[in-house]
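S.K.: Protein chains in written order, with this note's numbering: chain A, 1 to 99; chain B, 1 to 102; chain C, 1 to 487; chain D, 1 to 320.
Don't read these hints as lab results, they were simulated from the structure.
For each residue, glycine too, the CB sits at the ideal point set by N, CA and C.
Some hints could be false.
When the alpha-carbon atoms are kept at most 27 angstroms apart in a straight line, the in silico BS3-like pairs for lysine-lysine are as follows [claimed, not checked]:
{"no.": "1", "chain 1": "D", "residue 1": "Lys34", "chain 2": "A", "residue 2": "Lys98"}
{"no.": "2", "chain 1": "A", "residue 1": "Lys66", "chain 2": "A", "residue 2": "Lys41"}
{"no.": "3", "chain 1": "A", "residue 1": "Lys98", "chain 2": "A", "residue 2": "Lys41"}
{"no.": "4", "chain 1": "A", "residue 1": "Lys66", "chain 2": "D", "residue 2": "Lys34"}
Chain C side only, calculated, beta carbon under 10 angstroms to chain D, not exhaustive [said to hold, decoys possible]:
{"no.": "5", "residue": "Leu93"}
{"no.": "6", "residue": "Ile97"}
{"no.": "7", "residue": "Ala104"}
{"no.": "8", "residue": "Leu107"}
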Amino acid sequence: MGLIDYLSTILLIAGGIFFLAGTVGLLRFPDVYTRLHALTKADNVGLGLVVAGLVVQAESWAAAGKLVLIWLLVLLAGASISYLIGSGALQRGIRLWKK
Amino acid sequence: MNMVFLYALVGVGLFCLGLHALIMHAHLLRKILAFNIMGGGVFLVLVALAKRTEEVAPDPVPHAMVITGIVVAVSATALALKLMLKVSEETGNAELPDERRE
Amino acid sequence: MEIVFSDVPWGVILILLPLAGGMACFLWPAISKLLGLVTVSAIAVSVVALFFQVRDAGVYRHTIGGWGAPLGIDLYADGLSLLMLAITALVGLVVSIYSTSYFAEPLSSRYWPLWLLLLAALNALFLSADIFNLYVTLELMGLAAVALTALSGGGDALSGAMRYLLATLLGSLAFLFGVALLYHGFGSVDIAILGQRVEAIPIVWAALGLMGAGLVLKSALFPFHFWLPPAHASAPAPVSAVLSALVVKASFYILLRLYLDIFGPLGIEGVESLFGLLGCAAVVWGSVQALRQTRLKLLIAYSTVAQLGYLFMAFPLSIISGPAVWSAVVYLAISHAMAKSAMFLAAGNLLCFGGHDRIADMDRVVQRLPVTAGAFALAGVSIIGLPPSGGFIGKWLLLESALTQENWYIVIVLILGSLLAAAYIFKVLGYCFTKAASPHEPRTVPVRMEWAAMLLACGAILLGFMAPVVLPTMNIGDPFIIGAVLP
Amino acid sequence: MEEMTLLQEIFDGLLGLGLLWLAWRSLACTDMFKAIVLFIAFGLLMALAWLRLEAPDVALAEAAIGAGVTGALLLSALAGLTSTGASRHEVEQPEGVEKQTGTLHRLPILLLMLTAALLGYAVLSLPSHDPGLSAEVAENLASSGVSNPVTAVLLNFRGYDTMLEMAVLLMALLGVWSLACVESQRDSSADPILDMLTRLLVPLLILVAAYLLWVGAHAPGGAFQAGSVLGAAGVLLILAGWRLPSRLTGWPLRLVVLSGPAAFVAIALITILIGGRLLEYPTEHAGTLILIIETMATLSIGVTLAALFLGSSPEHEEKQ
Numbered sequence: 001m002g003l004i005d006y007l008s009t010i011l012l013i014a015g016g017i018f019f020l021a022g023t024v025g026l027l028r029f030p031d032v033y034t035r036l037h038a039l040t041k042a043d044n045v046g047l048g049l050v051v052a053g054l055v056v057q058a059e060s061w062a063a064a065g066k067l068v069l070i071w072l073l074v075l076l077a078g079a080s081i082s083y084l085i086g087s088g089a090l091q092r093g094i095r096l097w098k099k
Numbered sequence: 001m002n003m004v005f006l007y008a009l010v011g012v013g014l015f016c017l018g019l020h021a022l023i024m025h026a027h028l029l030r031k032i033l034a035f036n037i038m039g040g041g042v043f044l045v046l047v048a049l050a051k052r053t054e055e056v057a058p059d060p061v062p063h064a065m066v067i068t069g070i071v072v073a074v075s076a077t078a079l080a081l082k083l084m085l086k087v088s089e090e091t092g093n094a095e096l097p098d099e100r101r102e
Numbered sequence: 001m002e003i004v005f006s007d008v009p010w011g012v013i014l015i016l017l018p019l020a021g022g023m024a025c026f027l028w029p030a031i032s033k034l035l036g037l038v039t040v041s042a043i044a045v046s047v048v049a050l051f052f053q054v055r056d057a058g059v060y061r062h063t064i065g066g067w068g069a070p071l072g073i074d075l076y077a078d079g080l081s082l083l084m085l086a087i088t089a090l091v092g093l094v095v096s097i098y099s100t101s102y103f104a105e106p107l108s109s110r111y112w113p114l115w116l117l118l119l120a121a122l123n124a125l126f127l128s129a130d131i132f133n134l135y136v137t138l139e140l141m142g143l144a145a146v147a148l149t150a151l152s153g154g155g156d157a158l159s160g161a162m163r164y165l166l167a168t169l170l171g172s173l174a175f176l177f178g179v180a181l182l183y184h185g186f187g188s189v190d191i192a193i194l195g196q197r198v199e200a201i202p203i204v205w206a207a208l209g210l211m212g213a214g215l216v217l218k219s220a221l222f223p224f225h226f227w228l229p230p231a232h233a234s235a236p237a238p239v240s241a242v243l244s245a246l247v248v249k250a251s252f253y254i255l256l257r258l259y260l261d262i263f264g265p266l267g268i269e270g271v272e273s274l275f276g277l278l279g280c281a282a283v284v285w286g287s288v289q290a291l292r293q294t295r296l297k298l299l300i301a302y303s304t305v306a307q308l309g310y311l312f313m314a315f316p317l318s319i320i321s322g323p324a325v326w327s328a329v330v331y332l333a334i335s336h337a338m339a340k341s342a343m344f345l346a347a348g349n350l351l352c353f354g355g356h357d358r359i360a361d362m363d364r365v366v367q368r369l370p371v372t373a374g375a376f377a378l379a380g381v382s383i384i385g386l387p388p389s390g391g392f393i394g395k396w397l398l399l400e401s402a403l404t405q406e407n408w409y410i411v412i413v414l415i416l417g418s419l420l421a422a423a424y425i426f427k428v429l430g431y432c433f434t435k436a437a438s439p440h441e442p443r444t445v446p447v448r449m450e451w452a453a454m455l456l457a458c459g460a461i462l463l464g465f466m467a468p469v470v471l472p473t474m475n476i477g478d479p480f481i482i483g484a485v486l487p
Numbered sequence: 001m002e003e004m005t006l007l008q009e010i011f012d013g014l015l016g017l018g019l020l021w022l023a024w025r026s027l028a029c030t031d032m033f034k035a036i037v038l039f040i041a042f043g044l045l046m047a048l049a050w051l052r053l054e055a056p057d058v059a060l061a062e063a064a065i066g067a068g069v070t071g072a073l074l075l076s077a078l079a080g081l082t083s084t085g086a087s088r089h090e091v092e093q094p095e096g097v098e099k100q101t102g103t104l105h106r107l108p109i110l111l112l113m114l115t116a117a118l119l120g121y122a123v124l125s126l127p128s129h130d131p132g133l134s135a136e137v138a139e140n141l142a143s144s145g146v147s148n149p150v151t152a153v154l155l156n157f158r159g160y161d162t163m164l165e166m167a168v169l170l171m172a173l174l175g176v177w178s179l180a181c182v183e184s185q186r187d188s189s190a191d192p193i194l195d196m197l198t199r200l201l202v203p204l205l206i207l208v209a210a211y212l213l214w215v216g217a218h219a220p221g222g223a224f225q226a227g228s229v230l231g232a233a234g235v236l237l238i239l240a241g242w243r244l245p246s247r248l249t250g251w252p253l254r255l256v257v258l259s260g261p262a263a264f265v266a267i268a269l270i271t272i273l274i275g276g277r278l279l280e281y282p283t284e285h286a287g288t289l290i291l292i293i294e295t296m297a298t299l300s301i302g303v304t305l306a307a308l309f310l311g312s313s314p315e316h317e318e319k320q
């Protein structure tokens, strides 16, 4: 295994940890807004790290570009959709969680 | 066990799960879901078994058949959902009147 | 003439014509009636041309794309396919003429594209020699039939259509599962190649179970007939006619083909006896239920359940009598197609005339709608199986082989079924003469609709004299020889 | 290498169990909304399974149609159902009824388990080599006009199936339009963020569709995948409140819907007229003809799927 392999391993594992944390958050957090928070964090950063881990292994610039494009699209979709879910929840009158 | 047969068995399982739900549940939306899951099971059997010979690219014919099947399934689902809406509009209930064989 | 037309691939035209016609109707709803009639007439002409082609040159085979099985798909037409295509074209033509008067806007412009696509599916189905292709045609046929059933709306029709849709989808999926197993077992979906390669191994039994169950559900064999009466009784009259006459027969046709060419040679006595038993049960149950109905269209629908039973009765008889029984069954099937479509069209006339189809409240129909009443009576003659009619020939041939085999339970059911059929037909005819307790404003029934029903009923009777023509046609290419693998 | 196989086996096992579990939950939970969301998740896992089975074309179709469009159709039907007053939850059977039929209740489950066992046995009894048509396809691939074997099967070797399949899709749309429409409940005031997302994504989706269409000739992709991406763009537009201008809802829309099947039938007629067999493309023009059919089919699949989502004929909607 070369340096690049170690680098991508570390990045992938780090991404995996973010996904795990996000999933735990999704399951354990008390209301829709905090769950959204956990989910988007995991998606954005976790997927970013996974993509970075794969980009260093990519065979060509085109492949690397496609990977980054996927990440950007997920960022865009994730952000807009969690906004839509959040505003939908507010419109239905779901209260914010207060301890 | 070979992974090909694992997926094929999962396909059989999905078919039977869907069949059970299709017969036992009354809600039409559930029946439509069940039909889609049954379809997924059949497609899985079709594609999984195409990869039986190891280290050779899988047989493309079942792949094409499954793509055909997926399009047919979405057509049927669209028609079924519309019909369900009409039934519930007419009867106020998304279930079929109880089956009595007269 | 033969030189000019012998090269034309009439089979392919039979599929492309209604497809193109249906699309044209969708694009120009304003002239859909005209387009529909032109298409249906052209189909009838093409069937006649295909008949001469097959008679002169033997079975029709067309390798689509020039690839040939197993890679490509083949079209195939022997006497059996030809007869089914002919009956489809004939019933289709008359029903189309009926429909021009039956449907008013906006239903009319919705009806024609659906109906032509249904015809395309039927023609493609009867011509196909490829089981995956049969699956696609089955789905096209099923969706078209359901959409047509739900066409006029109303609670009964919609629930009936929904139940029909679920049943037909389930049947198709089971069939597809069987196709998947056969393909992976033997590496082809062509019927002829499968026929050469099948052996008695577990995968074949599983495929037989799945495809058999799916097709039995689709052809409404007792006790899987639950979806048929609500759908056929609540659909618009021309649609009911086509459903009972052609659509249920199509799945029976596939079952027969698979049995003759793939599964039959393996020796499946258990399945044959089971089909025979269920067929007998269907005849008795369907007839008794028909007798109990108070609504005319439900009565006719239950009569269809009973008549389908006769078709399945042939399986156990065919073990000994072979091709003769299958000729009888196909004869019965086409006579029933004519007679039953005539009955549903007549019921549609009565519904249009009185605004209801309650049998007891029919008001002196014989005097006021003599042609319709006559059509119903003539169709009834064929349904009961009285001479001279197509139904009589079919039943007589069946009875003959049951007698020679001394298969008494089938003999008894055949006679009982005819008696019960006579009872429910005469029950309806009896009320045709009487005056209703609450007379109503009659509405006029277009002449075209009355005579369309009459035409089909006469056809069912005429079939009684056509045996010398029909029987040899049916046997072109020896479709009924078990395991006679297509070249 | 051995750890790799072990990891893959664990992954396959988990994926299989996940599929079964999701299917079971989706069919058993009482809240229909939950059931649909679980079904969409099921579709996405199916796409993973297709990839594991080396069927990338199917994976694309499944992700776009199976999970995407079907999911959107299901959710919009659920919204329509709630607005007609039907229950979103499935009514549980009263307990008395269940007890009464206690033993009968088990019978279907037992029968199903027996069926599953028999089918499973039949599947397992298959030999572990494949008698399929790989060799024939590979042999004739050169004369098919494309180099992606799945596209070759779909549009050349078994192109007739695909022609009928386009008819099935058209049939579904005819059926949906012929059922008089439920008044649409969607609010037309789109959210600004959704609007922005739509403006950004729709051009991109059209680009992706064009790419998938073009790449389908030699790599995974093709008309169905491209068409469903186009359909997704249409769904997004409908959700954002965009409607087809009324002068286009009549025959122009119908013409686009028909373009796929019509191109197929037209080419079928031409192949017959030039004396060949149905859909027998001349080898040197096969690639071009397939591209023409695929382009038309993509357009018509995309528009048909979006129209199915809208649920009623746009013409009809306006008359109300």
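S.K.: Against this structure, judge whether each hint is valid.
M.R.: Here's how the hints hold up against the structure:
1. Taking the CA atoms of lysine 34 of chain D and lysine 98 of chain A, the gap is near 26 angstroms; set against the 27 angstroms cutoff, the hint holds.
2. Using a Cα cut-off of 27 angstroms, the hinted pair lysine 66 of chain A and lysine 41 of chain A holds, with the two alpha carbons roughly 22 angstroms apart.
3. At most 27 angstroms may separate the alpha-carbon atoms for a hinted pair to count; lysine 98 of chain A and lysine 41 of chain A meet this at roughly 21 angstroms.
4. Distance restraint check for lysine 66 of chain A and lysine 34 of chain D: the Cα-Cα separation of roughly 33 angstroms exceeds the 27 angstroms cut-off, and the hinted pair is therefore not satisfied.
5. Annotation: leucine 93 of chain C was flagged as interfacial toward chain D, and the flag is violated, the nearest CB pair being 21 angstroms apart, outside 10 angstroms.
6. A hinted interface residue such as isoleucine 97 of chain C counts as satisfied when its beta carbon comes closer than 10 angstroms to some beta carbon of chain D; here the least separation is about 21 angstroms, so the hint is violated.
7. With its C-beta approaching chain D no nearer than about 15 angstroms, alanine 104 of chain C sits outside the 10 angstroms limit, and its interface hint is violated.
8. With a least beta-carbon distance of about 8 angstroms to chain D, the hint placing leucine 107 of chain C at the interface is held under the 10 angstroms criterion.
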